[in-house]
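J.: Assemble chain D onto chain A, guided by the hints.
Chains as they are written, first to last, in the numbering used here: chain A, 1 to 155; chain D, 156 to 366.
By construction, these hints were calculated from the structure, which means they are not laboratory data. Using N, Cα and C, we set each Cβ at its ideal position, and we do this for glycine too.
Taking lysine-lysine and the DSBU-like style, the derived pairs with C-alpha atoms no more than 35 Å apart in a straight line are: (1) D:211 / D:192; (2) A:134 / A:8; (3) D:360 / A:145; (4) A:49 / D:360; (5) A:134 / A:83; (6) A:145 / D:326; (7) A:145 / D:358; (8) A:134 / D:333; (9) D:361 / A:13; (10) A:145 / D:319; (11) A:102 / A:136; (12) D:333 / A:145; (13) A:102 / D:361.
Calculated Cβ distances over 10 Å to all of chain A for the following chain D residues: (14) 166; (15) 219; (16) 245; (17) 247.
Residue-level listing of the chains:
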Amino acid sequence: MVKNDLSKFFITKTEATEFASGLSQISQLVYQTGFNLEQALTYQFGIEKKDLLIQLIKEHEIDWQNNAELSKYLAQMQESIVKMQTITLTLAFVPREDTLTKISDWLSLNTNGQMTIEVGVDRQIIGGAMINFKGKYCDGSIGSKFVEAAYGSNV
Amino acid sequence: MPDLPVVILTLLADATIFIFVGYYFFRMRQKEMEIDKREGKFDRDYHEIVDSALAKERKILEDATATADQIIAKAKEINQTVTTDIAKALDSMSSETQKEALITSRKFGEEYQKILSGLSRQSTNDFEAVFKEMKTGMLTQIEEFQKSTVPILKKEVEEYKKLKMEEVDKKAVAMAQKAAEEIFNKSLPLEDQQNLVIAALEKAKKEGLFE
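The shape of chain A in the complex, shown without the other chains:
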């Protein structure tokens, strides 16, 4: 399978689902008469993402004039998105784009493989995050530290 760095296209699980849906729609258009990949990508994802995708296709030396090869590549991309791991983060605030990017960058640098982020908000945790990944859990919130400090080591 082709290894793709898709972190430029999406960060959260919702965005990943939307991106996969967009790829699916383009895959259906590939065999139509007069199909134009650049136009279809621009229409589906915008110019910026279109350029990034073209660049990615070129990096993988895909002949985009070859409909069969292009279709196969798009299918592989969708499959890799579906198989992608999801990390669930519970934060004390609603994260902005730059926060999500910062988290995504950290995850890219510090973990093996790309993953999507699913975000929940709970103001009671005060700060930090509660993390769930592959069925494992880590409480890195300030709220838990606060309770721990208040009750001592008994809690």
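T.: Same frame as chain A, now just chain D:
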């Protein structure tokens, strides 16, 4: 021409009829006069009787009125006398009854006082006895209570105290946490929030969450 004897006979017969009718009328007149005479007598007698009856009636009425007046006057007199007598009797009865009531009341009060004094003495004695018994019983119960129940109660109070203290602690922490939550959420800059999230991820990495 008719015969003379027949004529004479006819004349005689006619004369006889005239005489007979005349006599009859004469007798009728006599009887009528007799009847008138009797009628006049009867009328006079009748008037006499009626006048006499009326006079008697008037006399009777006058007598009756006079008698009735006398009776009424007498009755009034009697009534007055009786009323006065009854009033006097009632006054007398009233004062007598009042005196009797006073005497009876006094006697009853004295009797009641005597009975009460007797009862009071008896009740006081009974009460003292009962009170002594109760006092002894209560002292025994208090001793037993102190020996058996007080330690259990002390233990239960301690447990309750501990439980309540824990509840208070929890509430205090929850309140402080709520306060901290509001303060941090309002005052913590975004960059610090982001750094805290990254710190949490670092902690997760150290704990081997991503392996």
